[in-house]
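Protein chains in written order, with my numbering: chain Z, 1 to 513; chain H, 514 to 876.
Bear in mind the hints are in silico, worked out from the structure with no lab data behind them. Certain hints may be false.
[Stated by the list, open to error] Below, computed lysine-lysine pairings styled on PhoX-like, alpha-carbon distance capped at 20 Å: (1) K292(Z) x K346(Z); (2) K780(H) x K862(H); (3) K625(H) x K428(Z); (4) K428(Z) x K803(H); (5) K126(Z) x K115(Z); (6) K369(Z) x K625(H); (7) K862(H) x K781(H); (8) K66(Z) x K117(Z); (9) K379(Z) x K428(Z).
[Unchecked claim] Computed from the model, here is a short list of chain H residues facing chain Z with C-beta under 7 Å: (10) R725; (11) F731; (12) R737; (13) Q770.
Don't be surprised by glycine CBs; every beta carbon is placed ideally from N, CA and C.
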Amino acid sequence: MQTALPTNPLQEGLSARRAPEPCALVIFGATGDLTHRKLVPALYNLAHEGQLPQSFAIVGFARRPKTHDQFRAELRDAVAQFSRFQPTNPAVWDALAQATFYHQSEFADALGYQKLKTFLQELDVKRGTAGNRLFYLATAPTEFIGIIEHLGANGLVHSEQAPIASRRIIVEKPFGRSLPTAEELNHALAGAFDERQIFRIDHYLGKETVQNIVALRFANEIFEPLWNQKYVDHIQITVAESLGVEGRGGYYDGSGALRDMVQNHMMQLLSLVAMEPPTTLDGAAIHDEKVKVLRAIRPMTAEQVQQFTLRGQYARGSMAGQAVPAYREEKNVAPGSRTETFVALKLFIENWRWFGVPFYLRHGKRLPKGVAEIAIQFKAPPAVLFAAESPAPLQPNVLVLRIQPDEGIAIRMNAKVPGNELNLQPVKMDFRYGGSFGARSPEAYERLLHDAILGDSTLFTRRDEVERSWQIADAIIEGWNAGPAPSPYESGTWGPPEADRFIERDGREWRRP
Amino acid sequence: MPNNAQLETFTAGVETAVDVAQIERQLHELWQLAAESQKDPSQRQITRACLFNFIVFCETDGESEHASEVISTLTSHHPCRAIVLVAKPDVASGELSASISAHCHLAGTGQKQVCCEQIAIHASGPGVAHLGAAVLPLLESDLPTVIWWQGDFLKRLDLFRRLVAVADRVIYDTSAWTDPQSQLAALVRRITEHPRCSFVDLSWTRLGLWRRLAAEFFDEPNCRTELARIRTVDIVHGHGPGASLRALLYGCWIAAQLNWPVAEARKKIHLSAREDRDATSVGILSIAIKTDDATFSIRKNFGERTASATIDMPNACGLPRTRAFWPADDTSLLSQELDRVARHTVYEKALAVAVAVLENISR
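Please model the entire structure based on the sequences and the hints provided.
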C-alpha cells in the first residue's frame, strides 16, 4: 500500500494561499442589514477572486417567509450596491446564486434546526460540502445564546462523520455588554463548541492597516529599538466618527461609546501596538502576546476613573453645513440619557516596555471627521543645540499609523528651512497605501470570512482577550455610575472642552488628525 | 525651471523631449513644481510614487507604443520609474534621444492623483552601445530593478549582461522567441550566470491555472498517494506561439516536482499537437494524468476562458471543478509577476529537466 507524501509537491511555488475546504455557511439573521451590506458582498468578492471553496453553499436562516429565489434576488441587489467589484459579473453571481439557499425558521424553534440539519445533509450530497459547517451569528445579540444552544442540542455542532474542526461559529459584535454577559456567552459557546471552533469577530482586525501594525513593527529593524518607555513619550489612539447614531439609537443608548468601540476595537489596536514580538505569526502566539498587554493594563479604582477617564455626549451642532440634533433628540434615545458618545481614557501598561508611558484613547461620534489612527509620539530631543537659533521648542517626532481613511504611515521630523538662517520646521514623510499599492485592499469582512472558512483564528479575538477587555471596561463604567453625567459637546467639534484640559494637565495635547 | 503648462503636459502623459544628460534634473524640477503647486488648493493634488525601477526593452516603434500602454495601466497598481529603451541598431543615424512623461491615476477617494514617471530613451545605430551607460544613472537607489525584455535577449547579450547586472528580476516571454526550444540550454546558462537575478518567463506564468488545477487534485491525502503511481502524463497542445514549449515545461514541471529521473520523464510524458481553433486558448488543450486506478483530467473548455478538472477514481475525492483563466494579456501577466517576490525556483527546476529531456532526445 502506498502512503501519501506529507505535503503536496505540486503546490510548491503556487500562491501560499491555502485552498479552503468545502463548506456550508449558515447565516443566522440572513435578512438583516449586516448580511446585505457586508457579508454577502464580501462573499461575492471572494467568489470573484476565486477564493471560495469549490464546494460551497450559503444558507440564510431567518424568520421571514421567503423562497430561495426571493432571497437570491435580494442578495443580488445587495451585491450590486455594496460589492467593491462593479458592475456585478453575471457568471460569478450566477454561480454564487446557485449555491445560495434560504431556510425559514424562528430562532427559538427546535424543529427549524432539525430541518436545517437535514437540509445541510442534503447539501453535502448535492453541493459536496462534506459535512463542514460555518455558522455566522448575524442576529441581534439577544438571540446568540439561544441559537448556540439549539445548534448544540440538535446535533449541528458535532458530527460522527466529520472531525471537530470542521464545525465553526462566527460571533458578531457586541460580544456581551459586560464581563458577566460576555462570560455567559462564552459559557454557552463552550458548552457546544471547542475554543478552536469559535471565531469572535472584530472587523477592525480585518483591516489591512491594522494587520500592517505587526509588519511595520517586526519586519523593520528601525522601529522596534525605539518602541518603549525610553524613547516614547506617549501614544494616542483616536477613532473619530463624524456620524451620529444613525438610526441605532435604541441599541446605542443601552451601550455607549465605551462598549461600542473602546472595549473591543480600540483595545485590540492598543494590544497590537503594545505587544511583545510573538514567537510565531500563528493565531495562538499573537493572542498570547495581546492578552499579556491587556492583563498589564493598570486597573482603576472608582476615584481613578474620575481622574483618568472623561466622557461626553454630543449636543446640537453643525456637520458639513447642516444642523444636526443633539444625541438626546435622536430617535429611540431617552430624553435624559446619560449614555456617553465620547470617551477619553488614559491607560498605563505596567510592564518593562511601557512603564510610565500614557496611552490616550479617544473616541467619539459627531466629531469633525471620520478618522482612525495610532500616533506614537516620541520624547522631545534635548533643546540645548538649537535653543539659541530656534526660539520655539523643537517638535517631537511622531509616527502615525493611519487606519482610515487614506491608510498609511507618516513620520513627523524636524528639518532645516532652506536659507542662510538655521530655522527648523517640522516636516512630514507620508506613505499612503493607495499611492504605493493601488486600491486593491480587500474589505475587512472578506479577509475575516476567508480566514474563518480556512479555520485561521489569528484575526479573531480569543476568550481571555474579550473577558479581560470587559474587566477593564466594567471598572470604568462602574466608576462612571457613581460620577457626574457626560459633559455635553457641540456636534462637529473635537469633544467637550474638558477633553483638552484632560490631556493638557499632563503637558500634552490632542492631535488634530 | 519648467512652468505650470509644462507640468500639465507632463502629468497628462504627453512625451516631452529632453536632453539625455538633463533627464534627472528635468524630472526633479517638474516634481518640485508639482509639490509647490500643492499649496494652491485650486491645483490638483499630485503625489509621485515609485516602488521599483522598471526597464522595458523594445526594438520597434510598435513594441515601444505597446510598452507605454502597458505601463500606463500597470502603474495604477505597481507604481514605478519606467525606463523604456528603444534600440534600433540597424538604423544608421547613431542618435541617442530621450523624452519624459508621467502616468497619473486617481487614488483612494479620487481627490488625489498618484503619478509615475516614464523615461524613454531611443538609440539607433552605434548609439545602441550607449544605452547601458545611459540607464544606470537613472535608476532610483534602494529600489528593486525589474527588466521586461520584449523579444529575445539572447540576441542582445552585450546590453542584456550590462542591464541584468543591476537587475533583481528579468521578465521575458519565450512565446515571442523564434524556436525557443533550441535556445533552452542557452537560457539555462544565462540563468546560472546570474544567480542574484530572478528569471521569469511569461509563457510559464500562463501555465498558472493549469498547474494549480493539477496541484489541487493531490491536496487530499488519499489522492496524493496516486502521485507515486503515475504512469503517464498526456498533454495535448495547439500549434500557437509557445504552445509546444509550454506543454513541455508543464510535463517537466511534474517530473521535476516528483523527482523523476530524465529517462522516466521521457517515458511518462507524452506530448501531442492538435489543431487549435479556440480563439481564447493559451495553447494547452488538455491534460490527463493517469495511474493504475485513476485518471486526473483537465481540459480547456472550448470558446470559454475556463478549464475544468475531473477525477475518475474509485472513492473519488472532490467534485468536478471549473476555474477561469487569468487574463493572458501582457499587463495582467506582468501584474501577476510583480505581485510575486520570490524567485521562480520551480520554473528553473522544470526548465532544467526540459533541457535534459531535449538533450536525451537529441542523443
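Taking the hints in turn, this is what the structure says about them:
1. K292(Z) x K346(Z): Distance of about 18 Å is within 20 Å: holds.
2. K780(H) x K862(H): Measuring from Cα to Cα gives roughly 19 Å; hence the hint holds.
3. K625(H) x K428(Z): 17 Å, holds
4. K428(Z) x K803(H): 62 Å, violated
5. K126(Z) x K115(Z): Distance of about 16 Å is within 20 Å: holds.
6. K369(Z) x K625(H): 18 Å, holds
7. K862(H) x K781(H): 18 Å, holds
8. K66(Z) x K117(Z): 19 Å, holds
9. K379(Z) x K428(Z): 17 Å, holds
10. R725: 6 Å, holds
11. F731: Status holds, d = 5 Å.
12. R737: Since the shortest Cβ distance to chain Z is 4 Å, the answer is holds.
13. Q770: Check passed: Cβ of Q770(H) comes within 4 Å of chain Z, closer than 7 Å.
Hint violations for this structure: number 4 only, all remaining hints satisfied.
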